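Chemist: Sequences and hints are given; from them, build the entire structure.
Protein chains in written order, with my numbering: chain P, 1 to 319; chain L, 1001 to 1321.
It is worth saying that the hints were derived from the structure and are not from the lab. Heads up, a few of these hints could be off.
[Said to hold, decoys possible] Chain P regions said to be covered by chain L (calculated; three or more residues, Cβ under 8 Å): (1) 53–64; (2) 73–80; (3) 87–93; (4) 102–108.
[As the list claims (entries may be wrong)] The calculated DSS-like cross-link candidates involving lysine-lysine, where the alpha carbons are at most 27 Å apart (straight line), are: (5) P:K248 - P:K262; (6) P:K87 - L:K1061; (7) L:K1029 - P:K135; (8) P:K262 - P:K249; (9) L:K1178 - P:K138; (10) P:K130 - L:K1029; (11) P:K248 - P:K238; (12) P:K135 - L:K1028.
[Said to hold, decoys possible] Derived contacts from chain L toward chain P, CB cut-off under 7 Å, selection only: (13) P1008; (14) Y1020; (15) P1106.
Values in this document were obtained by computation on a predicted structure and should not be read as measured data. Glycine included, every Cβ here is placed at the ideal spot set by N, Cα and C.
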Amino acid sequence: MTLAIETVNLTKRYGRLTAVDKLNLNVTANTVHGFLGPNGAGKTTTIKVLVGLLKPDEGEARIFGEDVSGDKPDVRLRIGYMPELPKFPKHLKGSELLDIYGRMYGLSQQQRRDQLPKLLELVGLKGREKDLIGKYSKGMQQRLGVAQALLNEPELVILDEPSLGLDPIGMVEVRELIQGVVKEGMTVFLSSHLLFEVQQVCSHVTIINKGVALVSDTIENVSHKISGPTTLQIEVTKLTKTMVENLKKLPSVTDVKTEGNKLNITLETQEDVRPQVSETITNSGGTIVSMNLVGQSLEDVFVQLVSKAGEETGGENRD
Amino acid sequence: MTRKTTRPNWITSFLAVVRYELLWNIRKKKLYGVIIVALALVTLQLVLRIILSNVANQPLKADPDFAITGIGIGDMGFFLFALVTVMNSISGEFESGTIVPLLTKPVSRTTVFLGKFFAASVTLLGTYVVLLVYLAAGSAALYGPQNNLHLLPIVLFGNIVSTFVWMAIILAVGALSKSSMLAALVGVGLWLGLTIVGQIVAAFSGQAWVLTYLPGTGASGYAKGIDSTPPFGNMSLPSGLQVATGTFSIGPNMVTYILHPSAEVTFYKMEFIPRGMPIYTELYTETLSFILTRALVVTAVYILVFSFIAWYALRRAQVAE
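Modeler: Listed below in structure tokens is the structure:
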């Protein structure tokens, strides 16, 4: 298993403020890894250490096994990085910027000629590439940010809040773009404070708060690891007292609430007990019209973890 | 798409940075403003003697050495061009946030620094060529055929080296402070201080030699035996060509040295007397070759020291914002 990103006890301080606190992070190659945390959690600071913009105070950070501290162009060759709210020189045209960055990556003239139109098409900037960047909207600059991060088809793409400041349509487009990138077989490290974005795009997630990693695993496992109540919402043709009593007798059921012909069954387990529940209702003379298992979403897990961490440590968030 | 697994060679990276910076420089409105001001100053220089001749009601004489001995771009020109080409070269990238995508590309910070410095030099070269060609053409048109025009590239070299001193200082302040405004303010303050206050204090204290070691015009002396036309008629100046020792006088001094290799320069203390012309007391004499060598060394030290500071500041800089 190759690690695209690895940090060991990574610590970064701004004066007295510890932005990243002994962070241990492992991102497996060829996965889409979400880096989730509230604003000011330390996500951007961690990323800036990874791309060489900040030096760690303690600990280590490695990209594909290579230490990132110091001026390491060879490491940066393997990374495509889109900063949070990227800023590009306003005096350059979009096509000029991509051409110059392409030269910095060592792309030949032919490669740049082939690559640039494809990228501009991919990010939806075709037709505007001859305009000065100073005339681009925020959304267009975000798109340009994605394009320059993909110029070299890097092994690792780091996207820091790619949807920040975009309208809903722009957000959907950026998500689609990221999903398109995944198909190309790159490792994607996506920092976001938007839970649904991470849930829709990523296979793995690390949740960070106050510079500390709270949990890191696949999204499924993260939801599963955090034990919490699951609810079964069932609609039946005819609700009877016997049915409710029989359901309450099931070992994993902690509570049954009724409303008209609807049942809300609270379960204590993460296991799938729908067959037993279905059998009990049928044996009690009922017919199921619909059944919906409402599990913990990533949002529930996130809120739970962040609140718990807040209660335990107190203090301010930072980025 | 095209995955690159090996870094481009250094020249490719360097030229990419140069291209990036040059496109910025040539699109700076400030640069064109300064070129217009410089053209205006050169024009004034060209016509000043004609105006004075008319005022004094004297015939205008042909001067075949006007282009080569003319003041050229001048101290203020060197400073202004240095200011507009590099005042936001590094600090502006930090202020605008464009440093983030730039420093995360596979180009070393040393290459970024060298590329920026080189691009500023190319911009300067282009601008100075335009100004010197204008000065030479104007001199020929107004004062007749000109001698020694083949020495103009020497003047050009000297002017660029002189400007590098201010470029290095302004770059260093900008890279350390990450503020273009501070770089400009410190630059203007130093220039005014050294040019105006320094000259006055040094001239009256008789310690003008100090100025030789500071960025600027330096101390002024007179090379006896070399004819020159006083700028404002018959002032009571010592005889000979006026020679300055500072980092800004390398171009003219190189030309004078080529034309008069054994020239010696005498320095004076100036004293004002009530209701009379100033009195010049001789202080000491130096050979022009020594003055030139010393100025080149002092200039090289300033360029290297402040460039090193700017490079080191960029190399160590962390981008938190």
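Chemist: Work down the list of hints and note, for each, if the structure agrees.
Modeler: Each hint tested on the structure:
1. 53–64: holds (count 3)
2. 73–80: Contact hint for the stretch 73–80 of chain P vs chain L: holds, 6 residues under 8 Å.
3. 87–93: Satisfied; 6 residues make the cut.
4. 102–108: That given contact holds, which follows from 5 residues of the stretch 102–108 of chain P lying within Cβ reach (below 8 Å) of chain L.
5. P:K248 - P:K262: At roughly 15 Å apart (the allowed maximum being 27 Å), P:K262 and P:K248 satisfy the hint.
6. P:K87 - L:K1061: Answer violated: P:K87 to L:K1061 is near 58 Å, above 27 Å.
7. L:K1029 - P:K135: Within the cut-off at roughly 17 Å; holds.
8. P:K262 - P:K249: holds, 18 Å
9. L:K1178 - P:K138: Roughly 25 Å separates the two Cα atoms, so the pair holds.
10. P:K130 - L:K1029: holds, 20 Å
11. P:K248 - P:K238: Holds, at about 17 Å.
12. P:K135 - L:K1028: Distance ~16 Å between P:K135 and L:K1028 Cα, so the pair holds.
13. P1008: Holds, about 3 Å.
14. Y1020: holds, 5 Å
15. P1106: OK, holds: L:P1106 within 7 Å of chain P, min 4 Å.
Taken one by one, the earlier hints fail for this structure only at number 6.
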